[in-house]
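The primary structure of each chain is shown beneath.
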Amino acid sequence: MTPTMKMYGKHRFPGRLFIVEGIDGSGKSTQVALLQKWLESEGYVTFFSEWNSSPLVREVTRRGKKKRKLTPMTFSLIHATDFADRTEHHIIPPLKSGALVLADRYIYTAFARDVARGVDPSWVRGLYQFAVKPTLGFYFRISLEEAMKRILGGRDAIKYYEAGMDMKLSDDIEESFRLFQGRIIEEYEKMVSEYGLVVIDASLSIEEQQAQMRQIVLGSLAGTKKTRIRKWVDLNTMVKKVSPK
Amino acid sequence: MGRFEYYGEKGFPEVDLSELKGKLIVIEGTDGVGRSTHAGLLKQWLENTGHAVLDTGMTRSALAGEGLKEAKEGHTLGAVTMTLFYATDFADRLENEMIPALRAGFVVLTDRYIYSLMARALVRGADPEWVRQVHDFALKPDIVVYLRVTIEELITRVVQNAGFNYWESGMDLHLGEDLYDSFVEYQKRLLREFDNMAAQYNFQTIETSPNIEEVFEHIKGRIEPLLRSPR
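So the sequence lines, in the order shown, correspond to chains A and B. Quick note on this note's numbering: the first sequence kicks off at 1 and runs consecutively. Quick note on this note's numbering: the second sequence kicks off at 1 and runs consecutively.
Just so you know, the hints here were simulated from the structure itself, not pulled from any lab data. All C-beta atoms in this analysis are idealised placements derived from N, C-alpha and C, irrespective of residue type, glycine included. Wrong hints could be hidden among the right ones.
Using 35 Å as the maximum straight-line C-alpha spacing, the simulated DSBU-like pairs for lysine-lysine come out as follows [said to hold, decoys possible]:
1. A/K67 with B/K188
2. A/K133 with B/K43
3. B/K188 with A/K65
4. A/K10 with B/K188
5. B/K10 with A/K168
6. A/K37 with A/K225
7. A/K10 with A/K168
8. B/K220 with A/K66
9. A/K168 with B/K21
10. B/K188 with A/K96
11. B/K43 with A/K65
12. B/K188 with B/K43
13. A/K159 with A/K225
14. A/K190 with B/K10
15. B/K188 with A/K168
16. B/K140 with A/K6
Listed below are several chain B residues computed to face chain A (Cβ distance under 8 Å; list not exhaustive) [stated by the list, open to error]:
17. E95
18. G125
19. W130
The task is simple: from the sequences and hints, build the whole structure.
This is the structure in structure tokens:
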């Protein structure tokens, strides 16, 4: 029999899905990495999935971005394709097995970016109907000024599509970034109530934010499995100890 | 014949539909029905009668075409991913090839359109409402010529011509014990989806026969009035 597609909110899996959202420079990646460290140290099986990372689509996306061939619609669809591949390969199987899946960016990134590019909000939401609804979605709220400071101080350069240069908002990449990310923040703010995102004040210290996250995550871990299998690094050292010289 | 419309409310944010002056002709049908033969004949005839023609087909886009070929070789696509990948490829061709040609006043002749993509998605269990919505950025064509065959005729043709191809057989669906059973079941399901769409999307259905000239005369008969009416 042909398996049928399930829609957002209809999935029922023993695992948990925690996702982080926010603009570049909000510190969400740092926070989700720390959350994973903690969950692992507590003995949970975790699985990390990153936006725009399926090997299938990566090459096409890379080519499209390099040649600046992507339009708002193809940008939207290629990211949905990537996300579908990851959902089918990297999100649903671990959730079925009872693991904790952590995702750096999720469908809300697409909703924010695509709508900021002029794509119809209800169309893009419809596109992602196949997505698994997260157990918890964290939104790292930060002012544009603070995010700009962190990005310009840290990474080398702002990328073309990140800055929304394809939108022709400004010839100056920094100014374009400011305008485009401003639109994205507006979209995120609308989604906080629409999707019940948990807002974290990203201007707090890293430790404070992490403590808040852990406390909230703790509340939804009841009934999940901890692993009995040691991690491979531990097994490796054990093997070395017992094997003769 | 008024200005172009999308199936859905909105389509491409950067396209002004009132600028599109050409005509959009779609040839649809299952595998092995002779679509490309008739598309070739049509192109020749249209050019002979003074129309500039852009002919195009599936999985040929500059953006995703190569990736699709690679993905099919690896047989790794899940149903939803495959639907979206094909939709991306189609969107790229529509926006970057067909729409510019329509703007320039060309007759755009496309071998397959969203209907093939939707049929493939539906037989793989994708939600019908989702499938419809994903593809509703497409322009409504001026005409959809649906070349129809019976399943018996279809099987004979494919066996005689190309043999069985993995994806055309729908082997990823595991519908039958072997390639033959799988192919028959897959094509039956596709045919059912096309027949369902025929009324919904106002297809001009032409029952095909081995007589190519005769079929082509029917096709011309359907297309001629369209060429005479101004946009």
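Comparing the hints with the structure gives:
| no. | hint | result |
| --- | --- | --- |
| 1 | A/K67 with B/K188 | 41 Å, violated |
| 2 | A/K133 with B/K43 | 48 Å, violated |
| 3 | B/K188 with A/K65 | 40 Å, violated |
| 4 | A/K10 with B/K188 | 30 Å, holds |
| 5 | B/K10 with A/K168 | 21 Å, holds |
| 6 | A/K37 with A/K225 | 16 Å, holds |
| 7 | A/K10 with A/K168 | 39 Å, violated |
| 8 | B/K220 with A/K66 | 43 Å, violated |
| 9 | A/K168 with B/K21 | 27 Å, holds |
| 10 | B/K188 with A/K96 | 33 Å, holds |
| 11 | B/K43 with A/K65 | 34 Å, holds |
| 12 | B/K188 with B/K43 | 30 Å, holds |
| 13 | A/K159 with A/K225 | 40 Å, violated |
| 14 | A/K190 with B/K10 | 21 Å, holds |
| 15 | B/K188 with A/K168 | 48 Å, violated |
| 16 | B/K140 with A/K6 | 29 Å, holds |
| 17 | E95 | 6 Å, holds |
| 18 | G125 | 4 Å, holds |
| 19 | W130 | 5 Å, holds |
Of the numbered hints stated above, those contradicted by the structure are hints 1, 2, 3, 7, 8, 13 and 15, listed in ascending order.
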